[in-house]
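Participant: The residues making up each chain are set out below.
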Amino acid sequence: MQFIYSGITSGSIFALVALGFNIIYNTTGIINFAQGEFVMIGGMLIYTLLSIYGIPLFMAVPVALLLALIIGILFDKIFIKLVKVPNEINLITVTIAAATIIRGLAMVIWGRNTLNVSGYIPYSVISFPGGSLTSNSLLVIAVSLLTAFSLSLFFKKSSLGKAFRACYNDKMAASICGVDVGHIRMLAFGIAAFLGVVAGIVTAPITYVTYTDGVMVGLKGFAAAILGGLGNFWGGVAGGLLLGIFEGFFASILPSGYKDAFAFLIILFVLFLRPMGLFGKKKAERL
Amino acid sequence: MLQINQVSITFGGLKALENVSFKVPDNSITALIGPNGAGKTTLFNIITGFLKNNTGQIEFENDDITNLPPYKIFEKGIARTFQNLNVIKELSLPENLLLGIIGKDKPSALKSMLRLNSSYWNSVTERINECMVLTGIQEWQNKKVNEMPYGILKNLEMARAILSYPKLLLLDEPAAGLNNNEKEILIELVTKLKNRGITIFMVEHDMNFVSTLADNVVCLNYGRVIAKGTYQEIRNNSEVIKAYLGDTDA
Amino acid sequence: MKKINYLFLFTILLILVLTKLLIKNEYYLSIVIFGLFNAINASCFNILLGYTGIISLGQGAFYGIGAYCAVITAASYGISPSIAILMASFFSGILAFVVGYPTLRLHGHYLAMATLGFGMIIYVFMNEMAFLTGGPSGFLDINKFTLLGMSIYGESEFYIFVASMFFVFVVMFELFDKSFLAYKLKFIKESEFASKSFGINIFRTKLLTFSLVAAITAFNGGVYAYYAGFISPVSFNFHYSIQLLTMAIVGGVGSVSGGIVGAAILTALPEFMTAIEDYEMVLYGLFLAVTIIFLPEGLSGLFKKIVGKNASN
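Here the protein sequences line up with chains A, B and C, keeping their order.
Counting along the first sequence from 1, when you hit position 281 you're at 281 in the working numbering, and nothing is skipped either side.
Counting from 1 along the second sequence, just add 1000 to a position and that's the residue number in the working numbering.
Counting from 1 along the third sequence, just add 2000 to a position and that's the residue number in the working numbering.
Errors might be hidden in some of the hints.
SDA-like cross-link-like pairs, simulated, lysine to any residue; straight-line CA separation at most 25 Å [to be verified]:
no.: 1; chain 1: C; residue 1: K2178; chain 2: B; residue 2: V1145
no.: 2; chain 1: B; residue 1: K1106; chain 2: C; residue 2: T2205
no.: 3; chain 1: C; residue 1: K2003; chain 2: B; residue 2: A1109
no.: 4; chain 1: B; residue 1: K1192; chain 2: B; residue 2: N1027
no.: 5; chain 1: A; residue 1: K84; chain 2: C; residue 2: L2299
no.: 6; chain 1: B; residue 1: K1076; chain 2: C; residue 2: F2303
no.: 7; chain 1: C; residue 1: K2002; chain 2: B; residue 2: L1091
no.: 8; chain 1: B; residue 1: K1089; chain 2: C; residue 2: E2192
no.: 9; chain 1: B; residue 1: K1052; chain 2: A; residue 2: F272
no.: 10; chain 1: C; residue 1: K2003; chain 2: B; residue 2: V1145
no.: 11; chain 1: C; residue 1: K2002; chain 2: B; residue 2: P1107
no.: 12; chain 1: B; residue 1: K1089; chain 2: C; residue 2: F2303
no.: 13; chain 1: C; residue 1: K2304; chain 2: A; residue 2: P86
no.: 14; chain 1: B; residue 1: K1052; chain 2: C; residue 2: H2107
no.: 15; chain 1: A; residue 1: K259; chain 2: C; residue 2: L2095
no.: 16; chain 1: B; residue 1: K1111; chain 2: C; residue 2: L2208
no.: 17; chain 1: C; residue 1: K2002; chain 2: B; residue 2: Q1083
no.: 18; chain 1: A; residue 1: K259; chain 2: C; residue 2: H2239
no.: 19; chain 1: C; residue 1: K2305; chain 2: B; residue 2: L1091
no.: 20; chain 1: B; residue 1: K1143; chain 2: C; residue 2: S2137
no.: 21; chain 1: C; residue 1: K2178; chain 2: C; residue 2: L2016
no.: 22; chain 1: A; residue 1: K77; chain 2: C; residue 2: E2280
no.: 23; chain 1: C; residue 1: K2003; chain 2: B; residue 2: R1115
no.: 24; chain 1: B; residue 1: K1143; chain 2: C; residue 2: G2308
no.: 25; chain 1: A; residue 1: K77; chain 2: A; residue 2: A173
no.: 26; chain 1: B; residue 1: K1106; chain 2: B; residue 2: N1180
no.: 27; chain 1: B; residue 1: K1089; chain 2: A; residue 2: V83
no.: 28; chain 1: B; residue 1: K1052; chain 2: A; residue 2: M276
no.: 29; chain 1: B; residue 1: K1089; chain 2: C; residue 2: K2305
no.: 30; chain 1: A; residue 1: K259; chain 2: C; residue 2: M2129
no.: 31; chain 1: B; residue 1: K1183; chain 2: B; residue 2: V1210
no.: 32; chain 1: B; residue 1: K1111; chain 2: C; residue 2: F2010
no.: 33; chain 1: C; residue 1: K2178; chain 2: B; residue 2: Y1222
no.: 34; chain 1: C; residue 1: K2002; chain 2: B; residue 2: N1142
no.: 35; chain 1: C; residue 1: K2002; chain 2: B; residue 2: V1133
no.: 36; chain 1: A; residue 1: K77; chain 2: C; residue 2: V2282
Keep in mind the hints are simulated off the structure, nothing from the lab.
Construct the complete structure from the given sequences, taking the supplied hints into account.
Facilitator: Set out below in structure tokens:
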């Protein structure tokens, strides 16, 4: 049973990353291969603010989140907006390029070593039926779910959120109705980076931070998004949690080194049997 | 030639086609007419294998072709053009035409790579040139595809289909978007094809065009055949008049 | 049928011969050899992406499978290395067929995810099955490479072998590019709808292309393993697949020269930058980004445009 708890912990991070993928995908049709790098940047920023500049946590977090928004917006302005021939392959590739640049810069700035971030709350172990969670893991789960809920409220209730959804349904119609599609896309990258940085901040005390961290978490987040149905908001959350639990389960019965392989094996099966994901709807094709 | 038997298809509860049956006789020109949304293109896509019908059967030369994949249906001798053009912008005009040939002839890959069948490829070049002349697009052969006018692109699609020596040619709204002059040239071309022994089945809105060319007309409305016969018969059919002029929301 | 570009083939041959004659330094020769391996892989990637429209982020895995299978079978069953490489290549082709069967029905993002997932699985297995592969620290027990009883050893001898292999590959690629097959694949890439309507069995064509390309990549991997004398999983991971993508795109997809030009530049690049080694990754990413943004047809496309303009003036 313990695997469920550890699975939910890592799964809630995958869920946040999957949400980032979905928000960008819905507004732009792009799969952002740099989504995982935002998570790594989150860890690096919080490390820098806390350990190097000695800023207290309650100030460091807002500063990191503000920086995240700026990074996301710059990301759109520098990479996405400039692509002359924005076909699917070119857009996939430019985000891969951006991810490589961010990772490379992180290595230059923060070095190759693993950086240690101390826990935000006092360490304790809380027992649950059939297992237990550390206080840090509980924080990860709570923050992730809270973020997902507030984001869904934002999309449902605020007028800006409604503009996002209009863009998703029909870009052309949205722009005719006065929604600035370019503006929304920029914000989508801002929010995606924000989500990544949230994930990076909460996991930093558990996993610590290395410049290469973004690759795996990004790929698993992508896998979670596909599992739940690309573009489906709660599907992404459910996909993340499911992927985390599957992975925890395999790690509990097999040598843990194989854990990563099984996550991708599940994805291959899902893509084969249900390419639209577990919770996605099949899109009608216009011939 | 082509026999449609009781074909039905539903999309999420909506009956797009319901018990559609009719025949396309050998060496004839048959036109499928009907208001927008009547199910004409849907039927085309079922015949060519892009959609699977729920019930019913399609026979081609007494051969059951129901639900075969598109490439197999083509191999039986059915070629088509598209309502929304499907030409490849990245390739030149003759290169585009090559598609009509290689799908049919299936030349040997190894021989072609090693250039052991150059006489075959010379004949291909000849066929392509001949067909460009026939369809009146030869002077465009060195132009880029995205610089060509709509009418020329439609002829390109027609040429591509003709090059595969089809027995049955499906034309999806061949006259749409053409000016009167281009329409006349098209009428001449279609007549020529018929005289070469190609059976033609087309979806068309332009009634002048249909009246000039079609031997038989089938009229669809709301997914059902409401009339079939010669153009004269159809024109006076009260159901058809109602479908076009009446309370349709199309 | 298009004319074969003999000038291009001759230029390649000339460069290969001149390299042998002019470069005596073993270290530089070894970089050229690595460049040739990369050029074959990048060209294979190019056949998939540039011709067929298949985005495969798992090519590194096929390269690794070729390398590992070739050395493991040779070491455990005493098979001659050249036979072992052929077997590895065949096995990899079969595996690509099995993997491609479910995944090649997917497109775009989904296909990228599936192939990437496959690459990850293979990478994990290379690391974890230490009893077979030696795990993360690598596989050392590699026999000497022999071909028809002749032993091939050292940079100079290997250069001749790898350069010959490369030249044969380029000739085959050129023959393919100028035959109708290149068009058949480009039809599929640009419009699956039209291709299907004109008798092309898209799925079968894609599956065969994918398998054949995997077999060539694995063959290349087998030779690489014997040349390097040591292999470890990091040479075949996700990053390597991304490097191949970078080479193909920087060079220009959809042309014979693209992968070769890209591989030449990106293999040589780190050598000129040993002083700023830390920035290698950043520069790699910048190269890729700048190409996608400003030169969608890559350097070969740029070159063709310049030549074309001069010719028309």
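Participant: Checking each numbered hint in turn, tell me which of them this model violates, lowest number first.
Facilitator: 6, 17, 20, 26, 33
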